[in-house]
Amino acid sequence: MLENNKDYCIANFPNPTLGMGDEKYNIVNYGDVSESIPLNIYQQGTTIVSSLNTPFEFIDVLFGSIFYPITSVTTSCVNIDIPETSWFLNDKTNRTIIFPSLKWHSLEMTEAFSPETEVTNIRSYGQFIRASQKIGRYAKYPENWDSYGAKVINKDCIIMSTKIIEQLIDLKSSKNFEVPTPFVAPLSTGGVQMEWEHGDRYLEISINPNPLIVEYFATDRPKGGQLSLEGSLRSLSFLNGLIFWFVNGTAEDLSYISPDESYEEWVF
Amino acid sequence: MTIQLILDQDELFRRILDDWIQENGNISSAAFQNTSNTNDMSVNLSRLTTPEETVSEYPHCGVASFLAGFARKLDQKVLHDPILDNIAHSTVRGKKTKSIRKKIAEGSTVILSPSK
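Chains R and B supply the protein sequences, listed in that same order.
Mapping of the first sequence onto this note's numbering: position 36 corresponds to residue 36, and the numbering continues sequentially without gaps.
Mapping of the second sequence onto this note's numbering: position 87 corresponds to residue 1087, and the numbering continues sequentially without gaps.
Careful: at least some of the hints might be erroneous.
[What the hints assert, rightly or not] In silico DSSO-like cross-links for lysine-lysine, where the CA-CA straight-line distance does not exceed 27 angstroms:
#1 Lys134(R) with Lys1116(B)
#2 Lys140(R) with Lys151(R)
#3 Lys134(R) with Lys155(R)
#4 Lys1116(B) with Lys223(R)
#5 Lys172(R) with Lys151(R)
#6 Lys134(R) with Lys1077(B)
#7 Lys155(R) with Lys1098(B)
#8 Lys1095(B) with Lys1073(B)
#9 Lys163(R) with Lys1073(B)
#10 Lys1077(B) with Lys1103(B)
#11 Lys1077(B) with Lys163(R)
#12 Lys1098(B) with Lys223(R)
#13 Lys1073(B) with Lys1103(B)
#14 Lys140(R) with Lys1077(B)
#15 Lys1077(B) with Lys223(R)
#16 Lys1116(B) with Lys155(R)
#17 Lys151(R) with Lys1095(B)
#18 Lys134(R) with Lys1073(B)
#19 Lys1073(B) with Lys140(R)
#20 Lys1098(B) with Lys1073(B)
#21 Lys163(R) with Lys151(R)
#22 Lys134(R) with Lys163(R)
#23 Lys1116(B) with Lys140(R)
#24 Lys134(R) with Lys151(R)
#25 Lys1077(B) with Lys155(R)
#26 Lys1098(B) with Lys1077(B)
#27 Lys134(R) with Lys1098(B)
[Unchecked claim] Pair ranges (Cβ atoms, derived):
#28 Phe244(R) with Asp1018(B): 43 to 53 angstroms
#29 Ser173(R) with Glu1053(B): 48 to 58 angstroms
#30 Tyr256(R) with Met1001(B): 49 to 59 angstroms
#31 Ser258(R) with Thr1002(B): 50 to 60 angstroms
#32 Gly199(R) with Leu1084(B): 42 to 52 angstroms
#33 Gly199(R) with Lys1095(B): 45 to 55 angstroms
#34 Thr1050(B) with Val247(R): 39 to 49 angstroms
These are computed hints drawn from the structure, not numbers from a lab.
Ideal Cβ positions, reconstructed from N, Cα and C, are used throughout, including at glycine.
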């Protein structure tokens, strides 16, 4: 577990705490989340997605604030002013946000205390975070939000969508791979759609409710024709494969993509 | 109400939201889904209404337009289907696969922008 350091204090603390302004760095710690905390909290146009394994995934880069759950939907959010630069440490079970100007070498020191710690510069993922926030806002859409009788956006679809965004961020950071940010859109069936498009190349992932299912549609135009592939998306590796194809593949490569349905990787 | 014959060159209006407009101005295929549990997508027959009238009760919406003949080429039936408050109401009937929705999106033009 992370330990104290002369420049900042990180504690395995079950309740959120906030380092005050007269300290060198402001620190937010949060650890285990009790089952009473709702899985999703949407407030002030921002999204908090939490689970027992992942306390929450939320940083509001646009508006410079952090919101996190304490007790309930109505009283659970505390607004913390966050300076210009922030760093996010993730050791899988506990999260710590440190700001404003921690240097990279300091972060490497923290990594030494916990081999699983991932250090991410939030700034480089701003577009993904904005996409995630946009998805979170769909939770507020009332029935008939599209004027044609649309259903309320299903919360499981929102959670799944943010997980996919998270997976894209992981792919981007772990493979140092330039993953384009998807265009996200609500579906009148209560689902969420993600789209990537470049020239004739198009990739769409839709997250549909009742039952929750993730589907893909990929299409491209090789010489003199059109190739399309669609089906259910069941594994992270296949999602990664589709993204790799979209970024680096050829139109013909689409015909060689096949779903990897190994049991271990089934996540959707 | 008289049922009109919809010609291939008739324009159809579909209300759209800002959420469905991409940065480059393209419309997302998400805008062209059938009503849940049906094979029908509601539109207005342009010659019986205006874009402004189409969104009069939904001021946050914009309007996209596409040709009836274009939809028919995608194996859709286009039928005038007037309802009590909307004589222009029409239906684009048929399964909207992802491919078909994408093609309708590509064949549509924003003629009235939705509010942000």
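Results of checking the hints against the structure:
1. Lys134(R) with Lys1116(B): holds, 13 angstroms
2. Lys140(R) with Lys151(R): With a Cα-Cα distance of about 12 angstroms, the restraint between Lys140(R) and Lys151(R) holds, given a limit of 27 angstroms.
3. Lys134(R) with Lys155(R): Measuring from Cα to Cα gives roughly 14 angstroms; hence the hint holds.
4. Lys1116(B) with Lys223(R): Violated, because 39 angstroms separates the two Cα atoms, which is more than 27 angstroms.
5. Lys172(R) with Lys151(R): violated, 33 angstroms
6. Lys134(R) with Lys1077(B): Judged against 27 angstroms, a Cα distance of about 35 angstroms means the pair is violated.
7. Lys155(R) with Lys1098(B): Roughly 22 angstroms between the alpha carbons, so the hint for Lys155(R) and Lys1098(B) holds.
8. Lys1095(B) with Lys1073(B): Distance ~13 angstroms between Lys1095(B) and Lys1073(B) Cα, so the pair holds.
9. Lys163(R) with Lys1073(B): With a Cα-Cα distance of about 38 angstroms, the restraint between Lys163(R) and Lys1073(B) is violated, given a limit of 27 angstroms.
10. Lys1077(B) with Lys1103(B): Given that 27 angstroms is the threshold and the Cα spacing comes to 15 angstroms, the pair holds.
11. Lys1077(B) with Lys163(R): It is violated: about 38 angstroms lies between the C-alpha atoms, which goes past 27 angstroms.
12. Lys1098(B) with Lys223(R): Distance of about 22 angstroms is within 27 angstroms: holds.
13. Lys1073(B) with Lys1103(B): holds, 10 angstroms
14. Lys140(R) with Lys1077(B): Given that 27 angstroms is the threshold and the Cα spacing comes to 34 angstroms, the pair is violated.
15. Lys1077(B) with Lys223(R): Violated, at about 31 angstroms.
16. Lys1116(B) with Lys155(R): holds, 23 angstroms
17. Lys151(R) with Lys1095(B): Since the Cα atoms of Lys151(R) and Lys1095(B) sit roughly 19 angstroms apart, the hinted pair holds (cutoff 27 angstroms).
18. Lys134(R) with Lys1073(B): Distance ~35 angstroms between Lys134(R) and Lys1073(B) Cα, so the pair is violated.
19. Lys1073(B) with Lys140(R): violated, 37 angstroms
20. Lys1098(B) with Lys1073(B): Given pair Lys1098(B), Lys1073(B) holds - Cα atoms ~16 angstroms apart, limit 27 angstroms.
21. Lys163(R) with Lys151(R): It holds: about 22 angstroms lies between the C-alpha atoms, which stays within 27 angstroms.
22. Lys134(R) with Lys163(R): holds, 14 angstroms
23. Lys1116(B) with Lys140(R): Judged against 27 angstroms, a Cα distance of about 16 angstroms means the pair holds.
24. Lys134(R) with Lys151(R): holds, 17 angstroms
25. Lys1077(B) with Lys155(R): Between Lys1077(B) and Lys155(R) the Cα gap is close to 34 angstroms, so the pair fails against 27 angstroms, i.e. violated.
26. Lys1098(B) with Lys1077(B): holds, 17 angstroms
27. Lys134(R) with Lys1098(B): holds, 22 angstroms
28. Phe244(R) with Asp1018(B): 43 to 53 angstroms: violated, 31 angstroms
29. Ser173(R) with Glu1053(B): 48 to 58 angstroms: With Cβ atoms ~50 angstroms apart, the hint holds.
30. Tyr256(R) with Met1001(B): 49 to 59 angstroms: Hint holds: Cβ distance 54 angstroms, inside 49 to 59 angstroms.
31. Ser258(R) with Thr1002(B): 50 to 60 angstroms: Holds - the Cβ-Cβ distance for Ser258(R) and Thr1002(B), about 54 angstroms, lies within 50 to 60 angstroms.
32. Gly199(R) with Leu1084(B): 42 to 52 angstroms: holds, 45 angstroms
33. Gly199(R) with Lys1095(B): 45 to 55 angstroms: violated, 27 angstroms
34. Thr1050(B) with Val247(R): 39 to 49 angstroms: holds, 43 angstroms
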